[in-house]
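6 protein chains.
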Amino acid sequence: MESLILDTQLRHFLAEDLEHGDVTTDAIFGRETGLVQAIARQPLVACGMEQVAARVFCLLGGPVEFGELAPDGARIEAGRVVFTARGPAATLLKGERVALNLVQRLCGIATLTAEFVRRVEGLDTRIVDTRKTTPGLRMLEKYAVRCGGGSNHRFSLGDGVLIKDNHIAACGSLAEAVRRVRERVAHTLRIEVECDTLEQVREALAAGADIIMLDNMDLATLRKGVELIGTAAISEASGGITLDNVRAIAETGVDIISIGALTHSAPAVDIGLDWIS
Amino acid sequence: MESLILDTQLRHFLAEDLEHGDVTTDAIFGRETGLVQAIARQPLVACGMEQVAARVFCLLGGPVEFGELAPDGARIEAGRVVFTARGPAATLLKGERVALNLVQRLCGIATLTAEFVRRVEGLDTRIVDTRKTTPGLRMLEKYAVRCGGGSNHRFSLGDGVLIKDNHIAACGSLAEAVRRVRERVAHTLRIEVECDTLEQVREALAAGADIIMLDNMDLATLRKGVELIGTAAISEASGGITLDNVRAIAETGVDIISIGALTHSAPAVDIGLDWIS
Amino acid sequence: MESLILDTQLRHFLAEDLEHGDVTTDAIFGRETGLVQAIARQPLVACGMEQVAARVFCLLGGPVEFGELAPDGARIEAGRVVFTARGPAATLLKGERVALNLVQRLCGIATLTAEFVRRVEGLDTRIVDTRKTTPGLRMLEKYAVRCGGGSNHRFSLGDGVLIKDNHIAACGSLAEAVRRVRERVAHTLRIEVECDTLEQVREALAAGADIIMLDNMDLATLRKGVELIGTAAISEASGGITLDNVRAIAETGVDIISIGALTHSAPAVDIGLDWIS
Amino acid sequence: MESLILDTQLRHFLAEDLEHGDVTTDAIFGRETGLVQAIARQPLVACGMEQVAARVFCLLGGPVEFGELAPDGARIEAGRVVFTARGPAATLLKGERVALNLVQRLCGIATLTAEFVRRVEGLDTRIVDTRKTTPGLRMLEKYAVRCGGGSNHRFSLGDGVLIKDNHIAACGSLAEAVRRVRERVAHTLRIEVECDTLEQVREALAAGADIIMLDNMDLATLRKGVELIGTAAISEASGGITLDNVRAIAETGVDIISIGALTHSAPAVDIGLDWIS
Amino acid sequence: MESLILDTQLRHFLAEDLEHGDVTTDAIFGRETGLVQAIARQPLVACGMEQVAARVFCLLGGPVEFGELAPDGARIEAGRVVFTARGPAATLLKGERVALNLVQRLCGIATLTAEFVRRVEGLDTRIVDTRKTTPGLRMLEKYAVRCGGGSNHRFSLGDGVLIKDNHIAACGSLAEAVRRVRERVAHTLRIEVECDTLEQVREALAAGADIIMLDNMDLATLRKGVELIGTAAISEASGGITLDNVRAIAETGVDIISIGALTHSAPAVDIGLDWIS
Amino acid sequence: MESLILDTQLRHFLAEDLEHGDVTTDAIFGRETGLVQAIARQPLVACGMEQVAARVFCLLGGPVEFGELAPDGARIEAGRVVFTARGPAATLLKGERVALNLVQRLCGIATLTAEFVRRVEGLDTRIVDTRKTTPGLRMLEKYAVRCGGGSNHRFSLGDGVLIKDNHIAACGSLAEAVRRVRERVAHTLRIEVECDTLEQVREALAAGADIIMLDNMDLATLRKGVELIGTAAISEASGGITLDNVRAIAETGVDIISIGALTHSAPAVDIGLDWIS
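Chains as they are written, first to last, in this note's numbering: chain A, -11 to 265; chain Y, -11 to 265; chain S, -11 to 265; chain X, -11 to 265; chain C, -11 to 265; chain D, -11 to 265.
Be careful, since some hints might not be right.
In this list, chains with the same sequence are indistinguishable; a pair is considered to hold if it fits within one copy or across any two.
[Stated by the list, open to error] Once the Cα atoms are required to be at most 20 Å apart in a straight line, the calculated SDA-like pairs of lysine to any residue come out as:
#1 K120 to A28
#2 K152 to E187
#3 K120 to S253
#4 K212 to E56
#5 K152 to C46
#6 K120 to D262
#7 K120 to D258
#8 K120 to E4
#9 K120 to P255
#10 K152 to D14
#11 K152 to G196
#12 K120 to G49
#13 K152 to W263
#14 K152 to E191
#15 K120 to A3
#16 K152 to R74
#17 K152 to A62
#18 K152 to T185
#19 K120 to G260
What the hints contain is simulated information worked out from the structure, not anything from laboratory work.
Make the full structure from the sequences, and use the hints.
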């Protein structure tokens, strides 16, 4: 993540909470300083301690010193410090909620992703996200997926091709849709087609699709789809993936498993900020 | 929600997905029109169909007509339409993800809130949210809480007073903290103090707090806290509230129950967008 | 005021004057440095020397050193220095007008507020502002009121309740308006009702209003209003308040006196910037 | 004023008051409509009824119909309607303060300007403003000066040349300062030099200044300055201008009188918004 | 191009010219209307008449009617109308320069692109652009390339992979650079490697590159590069491409020819706006 | 150029290329540092090495040290270094394209301007630009003109008066157009009138125009126009100016020659960024 881009977002999030100041803290505090430590209240995979949480406090101003910043991707046990911060008490109190709201969500995504990745360990399948991200947080959430050991699917509608049912329906045929897209889009992008049936998989292969999404197929069908595809295209399973079935799905030999839940349903982890002095 | 404010946010969310266009749709579609219907794939409490989802498509341009918009707060059964939209196929395809990402999350919050509210039915206790919202989405998420029958706590650090442990620690005494705040903040705001013990409750009452947060207390202590407070202040229970214990907590007679989970842990509901023609 | 929020405003004000550069200064100056001092040309209460005036020069760039910054709220006699600045001559010349336009206005508000506060000295009445602020400058102007020893009323329509005539008229009854508001707004906000007559004061009290605004009442009526209210609500006098009548009004025992003139009619004070070397 | 530019400013001012909604109005009102009329509570020169006040309500949404809009520059007697608006009650209540805060200030400037202009009637002198405007409101305030019959001085540091004492001091000589500026700035801009003495006037004339500001001179000196200048340059009087002395100053034959007070000290006029039905 | 995204850019460009109004037009014009026609003063390929030029006038306000809008991609002879506009004279005069500055540049790019495309007619080679676009205009300029019959290379550093010399040098080996990238980037993106020598081409093929850029090679080397690559990767020629040599280069059988000059050196075409009445 | 204003633009240009990061560089690089040098690949006049190119890298973050920065306006021979930069390799790679896209264009303008200026050496004619600049880049491009030894015409429609054919046509007469403008616009601006014939020149002189643009006249007519004008106004030649005819035009004695090609048709110069270590 570019700090230039990230800072703009963090300032926007801080303004949401602090546009009219912090009436409580401003009434009570002068120039006192304080020391806080953030503690993982459950096991988690770290994401954003330095680039996000620490940066939030820096943007509020006043010299803040950080310590014990858990590195991105590190597995952290419950009870462990994920960062400490020493600086103006007012800055620490004002930035707390925005910093925690962000990293609890990001660590949640990293942690869930890491669990999916762990389940397919030893296999050659890649766990990837989708565009089912929180509006306004896509860059951060896709970063969290990478911190958890996953990979990213396309970032937006502008940088990846995915031909869906509705595109095909409106166009008349899968082959024609692929043809139109190939004619128009950058040669730097692979063309992906969503297939619900093996018949469609065959059509997509014939049309020269580069990636074939096997959507919501049962294991047996999926296995056949993967076989059909072979090395002619990249195979991607999608729909209905859970921690319970992800390994079985990966064992079909599918190249990619894309999971919306990584971002739309990862529970936030619990991180507390304790006042040390 | 003011449309002036909301539109700015929706444009920002659309830009995240569409800044570089939609390479797939732009390659395939001309001026075809289409009709889609959004279906609740699970029971839910509606939020944002008109102000958010429909508005997303409008902002993309092209005349879009909407139908069967589920009203905010309505309980919707699985399988029911929550809105239909007829307009340029390209607009429908481009806006789908942003619209769904938003309303699935908002309906999720409304649905969870409604369930909490249902559990305390018949009692005089109000279910409220916290500032544990998604950065950038606070206005929308607090609106969803209201659609679910809940109420809002303060919007930001600038429009509500909450004196916490750390404030008290830094200040030396609870009474002094309350005194400083009363001297400084607007008379239009009530002063709330977070208390962990009954001793603190007594101190807060003596200091003239207007709202007393009974934080993470067990039921017995909570009950005593509520008794101590009587009508001298508004009582608010917070911390560790679940669907299972919310009624017991409400039965202590506490005025307010504030629940971070309403916004930070409400699972997104499943809404699908089907292409009709 | 959060520096994060303030800087955005100051940059915006600087751009208004400097978007196309300073054709005079750019044509004449190279890297010369200079020393200026800002002088109070009349007695005033200081506001914004460090956070606003000095910050304006800093944002223009080049290392600028400040001295003798009059602290916020200090009473300054005519002829006294309120700050000195040493730095690039071009920066000093370019920032002068924006810095002075701001602090002359802010000190004007602080000075007028301080005079109102002085008039009610020894009494238990608080002088507060209104929303009659300059569009775009509300945060700064409300800060100036605090520097003058006053307090703030609500910041915006979103963080304070004030039920006015028109609300009551449209709603049918005062009691019903209060009821609807109490049901909907955050428990952290007090409910204020504007009353023009003692009859309305009684209704408001019966409806459980937390703050009762006694609007444009003559002294005798006001006194009765304050009596009626007693300790059942906070009393607030508003409308037609001047330096001449403010003490008499305060002597009725009213808790709060709100004065639009603090911000909409405070004359700017005269501060000059002299070139020392 | 370009509506494109103005709308951006008005949206910004509305957001200041309505970013978090209007908790009072939203709690009480549904889809009721209403009719309001704005009344001049004192004689005034109108400014901004259509472009500013009406536009504020339009931006809030809902169809609003306006009537009896006082044209810019019209002299309005006390008690006369300056506009009526019929539309959603919520829109009328929410936009009232922003609309009035703006037009009360703008009409105040137009009214004061018109009075200065009236005092020099029949003479060939032009009344102009300065850059002593409210930060963020320069475009609107300079428009108000024109509505009052005045003219504008330069808009910003980038579109007019004014060589001041400090420029001359830093540069060594007036002639050299003029020379450097003439070499660098656009030929479309006249070069103005601020002169405190007749000696400086002679120097400025010799250097070929296009406009000579006669700064803070007594009447006798001013008269001599104007004579010295003749038709060789445009003469501009500045500093210490009041309604009382403006005619005497104009009678010296000076071409331009620039008055900071037009914008920094014009008292806001009183305009009330009455609810009709 | 999404109108939502484009409008933001056009407003920004209009503000650059009109932030302080149009002093000439505002002084002369009232509510007169006019009719203008834009004429191609040289043969050109049209781009942006409807989406850009007409939209510029619309954003300025006032009802404007357009006619004879040349469709994107149409070849227009010298002397032909490319659009007519009837509306407020002030709007037409104010928007003229911004509209022409944009479409003259865009048509210039489309025209140059079309000429390159014409030179390779009948061959299977695609003409594409680069990131050598005007800062702030990339979306528009890449659209113009498509209007000219060309295709786009990656839009930004975030949506396409191009491993250059410097990446390889810093990394130690081409194979290692490809490996690292493949491990990290989305499977939806092809991996492109810039090669200066045939040796590097072999390495890139061995490493599994998807696209091989043959950079600044003479024709003979290029031909060998294309042969080496065969169907194992997409071949792309780059560097030193001119209208004179483009066909010879295409005849090597290379798949893609990327040309920075399409955007950084296309001369603006001449389009005049004539006042009809 | 004010750094405050410039930084906003540079951030915007960087976001265009880096909003979604740099997938190639982020995949390959860690914290390596590097040293690059930018080389003029053709003779050029330098513009923007320090304020623009170096600043681009600074905004991306990481400490970057610059050396051998060619001063603005310096004539640089082919093969000479125009700047070196040492810093994080990732920063250098990410900023390269934006920095080069900008300075290649700016140096192109400065170089072409310098050539026009050289052609009129020894004469008293000033070479100036027009508003035919790249949308969004006007401030930078007008700065480049000054670096090349030229001067600027008005910056925007708001800070200079130019009465054109269409204004005159709509107004009925040239004299009336001048009269209306003189009555309305700031006395700080000279009034310029575009004349196509000597008849119009006489009219413009009679109307008291301050600057007379002699538009698209042949040399003989131009010469007579200049004579007619004498010292009564500033004379400006415009239209059809080339490097070949500029000296002959200047030799007519015209004061100003304005040339749109300086900004709309200056070819970008070639500057390469070489990786040193």
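Results for each hint:
1. K120 to A28: Intra 27 Å, inter 17 Å, cutoff 20 Å: inter-copy only.
2. K152 to E187: Close inside one copy (15 Å), not across copies (41 Å); limit 20 Å.
3. K120 to S253: both (9 Å within a copy, 16 Å between copies)
4. K212 to E56: Answer is neither; intra-copy 49 Å and inter-copy 41 Å both fail.
5. K152 to C46: Intra 44 Å, inter 22 Å, cutoff 20 Å: neither.
6. K120 to D262: For K120 and D262, only the inter-copy Cα distance (17 Å) is at most 20 Å; the intra-copy one is 33 Å.
7. K120 to D258: between (23 Å within a copy, 12 Å between copies)
8. K120 to E4: between (23 Å within a copy, 12 Å between copies)
9. K120 to P255: Classified as both: same-chain Cα gap 15 Å, cross-chain 13 Å, threshold 20 Å.
10. K152 to D14: Close across copies (13 Å), not inside one copy (53 Å); limit 20 Å.
11. K152 to G196: Close inside one copy (15 Å), not across copies (28 Å); limit 20 Å.
12. K120 to G49: neither (34 Å within a copy, 23 Å between copies)
13. K152 to W263: Between copies, since 11 Å is at most 20 Å while 52 Å is not.
14. K152 to E191: The answer is within: 14 Å in one copy meets 20 Å, while 36 Å across copies does not.
15. K120 to A3: between (25 Å within a copy, 15 Å between copies)
16. K152 to R74: Result: close only across copies, 19 Å inter versus 51 Å intra.
17. K152 to A62: Close neither inside one copy (37 Å) nor across copies (31 Å); limit 20 Å.
18. K152 to T185: Within one copy only: 13 Å inside, 41 Å across.
19. K120 to G260: The answer is between: 13 Å across copies meets 20 Å, while 28 Å in one copy does not.
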